[in-house]
Amino acid sequence: GENVEQHPSTLSVQEGDSAVIKCTYSDSASNYFPWYKQELGKRPQLIIDIRSNVGEKKDQRIAVTLNKTAKHFSLHITETQPEDSAVYFCAARKRGKLIFGQGTELSVKP
Amino acid sequence: DVKVTQSSRYLVKRTGEKVFLECVQDMDHENMFWYRQDPGLGLRLIYFSYDVKMKEKGDIPEGYSVSREKKERFSLILESASTNQTSMYLCASTHKVYEQYFGPGTRLTVT
Chain A
1 GENVEQHPST
11 LSVQEGDSAV
21 IKCTYSDSAS
31 NYFPWYKQEL
41 GKRPQLIIDI
51 RSNVGEKKDQ
61 RIAVTLNKTA
71 KHFSLHITET
81 QPEDSAVYFC
91 AARKRGKLIF
101 GQGTELSVKP
Chain B
111 DVKVTQSSRY
121 LVKRTGEKVF
131 LECVQDMDHE
141 NMFWYRQDPG
151 LGLRLIYFSY
161 DVKMKEKGDI
171 PEGYSVSREK
181 KERFSLILES
191 ASTNQTSMYL
201 CASTHKVYEQ
211 YFGPGTRLTV
221 T
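Residue numbers (this note's numbering), protein chains in the order written: chain A, 1 to 110; chain B, 111 to 221.
Don't take every hint at face value.
Once the Cα atoms are required to be at most 27 Å apart in a straight line, the calculated DSS-like pairs of lysine-lysine come out as [claimed, not checked]:
(1) B:K163 / A:K57
(2) B:K163 / A:K94
(3) B:K128 / B:K165
(4) A:K109 / A:K71
(5) A:K94 / B:K113
Simulated coverage check for chain A against chain B, where a stretch passes if three residues somewhere in it have a Cβ under 8 Å from a Cβ of chain B [stated by the list, open to error]:
(6) 18 to 29
(7) 98 to 109
Read the hints as simulated data drawn from the structure, not as lab findings.
Remember, it's a predicted structure, so these values are computed and weren't measured experimentally.
Virtual Cβ for every residue (Gly too), placed ideally from N, Cα, C.
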């Protein structure tokens, strides 16, 4: 089955710096890769996603890149702000199911 | 605006009790999912359903069952609760597109 590994598990940056979270997946048939943000005490919410026929997607300060050959994808957050502090989950979709990574706790220090 | 609700935010049960967690969505979504969330393990899929009365096992179905008698409602059942089922339980739903909408979660403690 599909397996998704996410690194790092915790990440601390200064406000204004960039943050990068990386995920690898095992099944080349996976075709959709979303990223969810979960603020403390709240539900996960989709922030950006990418499909397997696209290499990069950007939405304001966040971007996702996908390398199908290497089976990894990354989340990039530029000009980080304290409100970016949260747990971020990557996921890979295969046959209607999402397999999630272990999560990254991002802390942005003012 | 999609709304996914769960019957309880916090629940405390005793070992051996039968526990019902309810999830309701109001957007006529076909697909519904139950996950459990534990620190360092991410979200793990317990069961999912693509249609009424249809269910499929996820990655960790042991000790759980589900029921989907109506399209808008998906129930997770712990037949005999155990302490290792203490966790955060999240329900999600999706239409024929990719984004999953999550409920607020139920924090279950089994003592």
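Hint-by-hint comparison with the structure:
1. At roughly 38 Å between alpha-carbon atoms, K163 of chain B and K57 of chain A are farther apart than 27 Å, so this suggested pair is violated.
2. Taken as a hint, the K163 of chain B and K94 of chain A pair is honoured in the structure, with Cα atoms around 22 Å apart against an allowance of 27 Å.
3. A C-alpha spacing of about 20 Å is found between K128 of chain B and K165 of chain B, which places the hinted pair at or below 27 Å, so the restraint holds.
4. Using a Cα cut-off of 27 Å, the hinted pair K109 of chain A and K71 of chain A is violated, with the two alpha carbons roughly 32 Å apart.
5. For a cut-off of 27 Å, the pair hint linking K94 of chain A to K113 of chain B stands: about 25 Å separates their Cα positions.
6. Check on the segment 18 to 29 of chain A: 0 of its residues sit with their Cβ under 8 Å from a Cβ of chain B, so the three-residue criterion for coverage is violated.
7. A count of 6 residues in the segment 98 to 109 of chain A with a Cβ less than 8 Å from any Cβ of chain B is obtained; the coverage claim is therefore met, three being the minimum.
The structure does not agree with the numbered hints 1, 4, 6 stated previously, though it agrees with the rest.
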